[in-house]
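Engineer: Listed here are the chains, written in short residue letters.
There are 2 protein chains.
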Amino acid sequence: MTELVLIGKNAKEARVVTRNMDTKEKNKILECCAEELVKRTDYILEENAKDVSLAKENGMKESLIDRLMLTKERVLGMANGLLKVAKLSDPVGEVLYMKTMENGLRIGQRRTPLGVIGIIYESRPNVTADAFGLCLKSGNVTVLRGGKDAINSNTAIINVFHSVLEKLKINKNIVQLLTDTSRETATQMMKLNEYIDVLIPRGGAGLIKSVVLNSTIPVIETGTGNCHIYVDESADFEKAKKIIINAKTQRTGVCNACESLVIHEAVADEFIPLIGEELNKKGVEIFGDEKTVSLLSYANKAMEDDYAKEYLDLKISVKVVSNIDEAIEHIGKYSTGHSEAIITESYENALKFTDEVDSAAVYVNASTRFTDGEEFGFGAEIGISTQKLHARGPMGLKELTTTKYVVFGNGQIR
Amino acid sequence: MTELVLIGKNAKEARVVTRNMDTKEKNKILECCAEELVKRTDYILEENAKDVSLAKENGMKESLIDRLMLTKERVLGMANGLLKVAKLSDPVGEVLYMKTMENGLRIGQRRTPLGVIGIIYESRPNVTADAFGLCLKSGNVTVLRGGKDAINSNTAIINVFHSVLEKLKINKNIVQLLTDTSRETATQMMKLNEYIDVLIPRGGAGLIKSVVLNSTIPVIETGTGNCHIYVDESADFEKAKKIIINAKTQRTGVCNACESLVIHEAVADEFIPLIGEELNKKGVEIFGDEKTVSLLSYANKAMEDDYAKEYLDLKISVKVVSNIDEAIEHIGKYSTGHSEAIITESYENALKFTDEVDSAAVYVNASTRFTDGEEFGFGAEIGISTQKLHARGPMGLKELTTTKYVVFGNGQIR
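If you're matching them up, the sequences are chains L and B in order.
Per numbering that gives the first Met the number 0, residue 0 is the first one in the first sequence, and the count goes up by one each step.
Per numbering that gives the first Met the number 0, residue 0 is the first one in the second sequence, and the count goes up by one each step.
Treat the hints with care, as some may be off.
In this list, chains with the same sequence are indistinguishable; a pair is considered to hold if it fits within one copy or across any two.
To be verified - As a list, the in silico DSS-like pairs of lysine-lysine whose alpha-carbon atoms are at most 27 Å apart:
(1) K208 / K83
(2) K397 / K308
(3) K166 / K83
(4) K27 / K308
(5) K166 / K240
(6) K351 / K55
(7) K98 / K241
(8) K190 / K240
(9) K190 / K208
(10) K98 / K397
(11) K83 / K98
(12) K238 / K49
(13) K168 / K55
(14) K11 / K49
(15) K208 / K27
(16) K23 / K351
(17) K332 / K147
(18) K27 / K280
(19) K60 / K27
(20) K314 / K290
(21) K8 / K83
Derived from the structure by calculation, the hints contain no laboratory data.
Put together the whole structure using the sequences plus the hints.
Structural biologist: Below, the structure is given as structure tokens:
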């Protein structure tokens, strides 16, 4: 039996353990794991140092090494993350509704764990702890397949968790790490329908695409964000400026950052120079259509593909439209379905935009940067779904559950 | 451009039409289509006769020909189905919750259509009308790929719908039928992520498996049912008998029929002869373990694989267990996760069973035959999901929607 199949079998067997665990026990595990992570910081950092030095030898980019590297603070961060999850309310067992039918059957829909969740991720070792925390609190077993570059760090973190579980006399297989990090085994994992209920890829666009294309297991796709802000004819310019600067520049490498502006032509002459100056001051490069370029000497002419780009950088595209319908159409064409905003003082256009724009989050007069589990009040998030099945938008603990119908009768037959 | 890609493009373009349609307009279309189906019954039956005679020439089995064949009553049935869907309440726009955050942002979660739904089905032409009705009412565009055997019937039904849409001056592409019924094209359709948001296979286990394995588009799996009834130590024998006979014999070819009995050993000696006699009277063949066979002269010895079988026939497997935990374990091992029931008078065991059995529907003292959209009060159903993502159990209109977050602000930034 390969390591992968053994892990799969073990995980499936362990489902019954996490599914039936009460909230107190789950919290206890999370708290003990947090404590042990802090206690064994030196060990984790030692193991992480092996990964980092190997990565340097292999000429890994600085920004990636930064993602891979752990520090005392980052280990503390992981531990605090687990403690935070322990404080969240337990989604399992929540009854979404219950009704009594004419025949007396009481039919209720109740939240229940998904089962075994597979997480395929890249080089950030803190995903190991974060994903385990969220999956456990929602009653699930976790199978982790991290990047090759982080294998020593991930193994160390899992060893710490396993030592806690051993002490608590709990089946260690409620969280397992695949140590075979070959590409072939990852692909095999994506077809392990017999043992894994759901796959969640966490990482760059390439990883996510590969999982979506190869997996026969249901996938929750966490996606990229080509987020738009549309400045309507009736926009309040002060709000617009503040929101656009925030959404573009507060953090550029994130999926809810604004990548494209759409401007109503009636306000273009006045607003584009205003916002252009602000963006320019912040060092944002502008890629605009003809109208934009005619108003801003420092703007570049946008190519067609600029409108489709998730820059994740100090860059923004600008498009002038003649009405809100054209704005909605433009957004529908280029958006990745993540987050879009309208800046308007018009009641009608606010409703129209929220009705007709088909994205995971649609804003009126607020920054797209709010699309986030914390900001939405979920306490934590495992990712932001841009697919339409199961979960859309920030995913918290509830999104890691499914439901079942529980039906109480007293002898009913058809 | 192939027919398939053209259909995909057309469908994607038409999404905006159904997404923004108000309830009145959707109902009008459904009512007009129902009326026109009845009016053009002769035409539909003529076209259906071509399929049927071809099928007979090709030596199709009687039971399959029966599924393919339309009659005046069946056409009326399709029309009435559309009228019934028109009467259901529109799920689009429902706000699941809305809350105001500390920063004043009002965040709401609102139901919205999935977009383009692809339906891959076999030889029953009435799926053409049923699927269109449910998809339209939930604001979706439908792409249909029916079986080769029913192509004339399906084309006729779609022609009728298109004539109605033309008269109403509505984009005909809100429902399209793929006339290329080759296997290769079906496989291509399963990879049309750019144009299709969700795929729902409707048909036998082979079709469903093929879609799950080949599709890169998210799939809602409608599944098979190896449903169990567990007769607990404290069971009321009268309830147990009535429920078992109903669940096994009221209709055998359906996924919510009972296929396997699990009996507590404390009641085996008394109950097995009782239920054996009843089942025998109804012509049900019994495949039991050693204990069962020792009690019933007419029972067959069960092979290991009997416990995994969805008989869809007058057959049932029987297993004696020494306690409820063993029953739950046995069910967990062999169940397809559809519907399971416990017959018990014990409060504790009723809770334990509903907590620990991981199936789409779990019953106490009622027949598994109730797992059905109509019986659950959804008014109609597009299938019964046995997967855990998105929808689990009977799927009605709500399960054909997704949600989006709508956020109202007044200038908030992070």
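Engineer: Using 27 Å as the alpha carbon limit, work out where K60 and K27 are close: within a copy, between copies, both or neither.
Structural biologist: neither (39 Å within a copy, 60 Å between copies)
Engineer: From the Cα coordinates, with 27 Å as the cut-off, is the pair K190 and K240 best called within, between, both, or neither?
Structural biologist: Answer is neither: 48 Å inside a copy and 42 Å across each miss the 27 Å cutoff.
Engineer: Within a copy, between copies, both or neither: where do K27 and K280 come within 27 Å Cα-Cα?
Structural biologist: neither (50 Å within a copy, 55 Å between copies)
Engineer: For K351 and K55, with the copy left unspecified, which applies at a CA distance of at most 27 Å: within, between, both, or neither?
Structural biologist: Neither, since 52 Å and 54 Å both go past 27 Å.
Engineer: Evaluate K168 and K55 at a C-alpha cut-off of 27 Å and name the case that applies: within, between, both or neither.
Structural biologist: neither (39 Å within a copy, 65 Å between copies)
Engineer: Reference check for the pair K208 and K83, CA-CA at most 27 Å: within, between, both, or neither?
Structural biologist: neither (31 Å within a copy, 41 Å between copies)
Engineer: For the identical chains here, do K98 and K241 meet the 27 Å Cα criterion within one copy, between copies, both, or neither?
Structural biologist: between (48 Å within a copy, 24 Å between copies)
Engineer: Between the shortest in-copy and the shortest cross-copy C-alpha distance, which are at most 27 Å for K23 and K351: within, between, both, or neither?
Structural biologist: Cα proximity of K23 and K351: across copies only (18 Å, versus 46 Å in one copy).
Engineer: Since the copies are identical, ignore which copy is meant and state whether K190 and K208 lie within 27 Å (CA to CA) inside a copy, between copies, both or neither.
Structural biologist: both (15 Å within a copy, 13 Å between copies)
Engineer: For K98 and K397, with the copy left unspecified, which applies at a CA distance of at most 27 Å: within, between, both, or neither?
Structural biologist: both (22 Å within a copy, 17 Å between copies)
Engineer: Evaluate K397 and K308 at a C-alpha cut-off of 27 Å and name the case that applies: within, between, both or neither.
Structural biologist: For K397 and K308, the Cα distance exceeds 27 Å both inside one copy (31 Å) and across copies (34 Å).
Engineer: For K166 vs K240, is the C-alpha pair at or below 27 Å within one copy, between two copies, both, or neither?
Structural biologist: Neither. Shortest intra-copy (56 Å) and inter-copy (48 Å) distances fail the 27 Å Cα cut-off.
Checked against the numbered hints above, the structure violates hints 1, 2, 4, 5, 6, 8, 12, 13, 14, 15, 17, 18, 19 and 21; every other hint is satisfied.
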